[in-house]
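Quick note on the numbering used here: the sequence shown kicks off at 3 and runs consecutively.
Just so you know, the hints here were simulated from the structure itself, not pulled from any lab data.
Please note that a few of the clues may not be correct.
Said to hold, decoys possible - Quick list of simulated restraints, FRET-style, between CB atoms:
no., residue 1, residue 2, range
1, 88, 14, 32 to 42 Å
2, 93, 15, 41 to 51 Å
3, 87, 22, 14 to 24 Å
4, 88, 17, 31 to 41 Å
What the hints assert, rightly or not - Mimicking EDC-like on lysine to aspartate or glutamate, the simulated pairs with C-alpha atoms at most 16 Å apart in a straight line are:
no., residue 1, residue 2
5, 14, 87
6, 20, 69
7, 15, 87
8, 20, 87
We put the CB at the ideal spot given by N, CA and C, even for glycine.
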Amino acid sequence: MIITTTPTVEGKKITEYKGVIFGEVIAGVDFIKDFAAGLTNFFGGRSNSYEGELIEARQSALREMEERARRLGCNAVVGVDIDYEVLGQNGSMLMVTASGTAVVVE
Numbered sequence: 003m004i005i006t007t008t009p010t011v012e013g014k015k016i017t018e019y020k021g022v023i024f025g026e027v028i029a030g031v032d033f034i035k036d037f038a039a040g041l042t043n044f045f046g047g048r049s050n051s052y053e054g055e056l057i058e059a060r061q062s063a064l065r066e067m068e069e070r071a072r073r074l075g076c077n078a079v080v081g082v083d084i085d086y087e088v089l090g091q092n093g094s095m096l097m098v099t100a101s102g103t104a105v106v107v108e
């Protein structure tokens, strides 16, 4: 599966457009990660606990989008965009959405 942010795939011809598809993930940040991130915020530096959560959420959203494209009989997703939102009363949930156009390339 080819996944790209560009509108085309170099050296390939798009023969079918199957529509816009999405992959969504909403991940909760548990108390321990939140506490560790608070310490990092206080003392400075990078928050590995939040970074790990963000990386996993993004990978999951891309995998879900890829699976949806595969079910449509596609072998590529072009024009991919990834969006991030913080949700929840205390901002303790992270939503990652990956979207793109499912296509068949030759």
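Structure-inconsistent hints, enumerated in ascending order: 5, 7, 8
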